[in-house]
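J.: Sequence:
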Amino acid sequence: MRRSKLSALARSITLLASVGAPCLAQAADLLPSLPPEPLPPPIEIGGAWYLRGDAGAGILGEGHTVAKDVTTPPIQYNYNVLKDYLGNQAFVGAGIGYQANSWLRFDFTGEYRSEAKWIFYAAERPSGGINRTSGKFSSVVGMANGYVDLGTYYGVTPFVGAGVGFAHHMFGGVTDNGQGLYQGGFGSGPEKQKLSFAWAAHAGLGYSITPNLKLELAYRYLNMGSAQTGTITCEAPPFCKTDYHLKDIASHDVKVGMRWILGGAVAPAVEYQPLPEPIVRKY
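Under our numbering, think of the first position of the sequence shown as 1, with each following residue one higher.
Worth flagging that the hints you see were computed from the coordinates, not collected in a lab.
A couple of the hints might just be wrong.
[Said to hold, decoys possible] As a list, the in silico DMTMM-like pairs of lysine to aspartate or glutamate whose alpha-carbon atoms are at most 25 Å apart: (1) Lys83 <-> Glu191; (2) Lys68 <-> Glu191; (3) Lys247 <-> Glu62.
The structure displayed is predicted, hence computed values, not measured ones.
All chains, please: the whole structure from these sequences, using the hints.
T.: This is how it looks when you write it as structure tokens:
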């Protein structure tokens, strides 16, 4: 009797297992899959050195010229400015820099700026005699710059920056022609060089042609400090001697530049992808 009961119980358990196994398998299929393991943290990769070249044009526009008498004893000039003009400059430059990470970089640059024309007309008071003074100056500018990239959008990277350095101005070809009461008067001055503090503010757009070659289009406000003419000596009485000082020489520059990254390019910021949704099978 006991054996028949045990035999019946074993058959019941076997039947239940055969029926329940497919149901358990289906239930397992309905459970969501385990999420993938999180991505490892990005590896910090060091920066890279780069070379750069630039070319552009600068608009100088209105000047800020002061005339100073240098005779002994000096005479206090009293005049009305009729015209104070600075011509435009073209420039080419080159430099070396360091890309610290994906958004910060520094460079040291030098550039030559072509001759710009300087014109200064003034009428002395109370005589009304007019001095028409003109000359040309060129400049060599050296700067230490820093830039911050503001992210990349559709392949274009906007950036801002600032720089400090020096401007070495070379003045020459200065003449002074009299008009009106000073008609027939003439003076000239020797060449004069002056070193001055300079500073700049940058804004522009960058584009990666290749991972190691970058194209830039930028605007720069460049303040080149001051320049000075050689002493102009009049060749007729009263034999004046005058220096002209150009203050706050500022240029609005538009330039195109290229950056060649040496060695391996700096790795861009890691972009994480969202985790996939779990697959749910429907029956």
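J.: All hints are to be evaluated individually against the structure, with a verdict given for each.
T.: Tested hints:
1. Lys83 <-> Glu191: holds, 22 Å
2. Lys68 <-> Glu191: Holds - the C-alpha atoms of Glu191 and Lys68 are around 17 Å apart, at most 25 Å.
3. Lys247 <-> Glu62: Satisfied, since the Cα-Cα distance of roughly 11 Å is no more than 25 Å.
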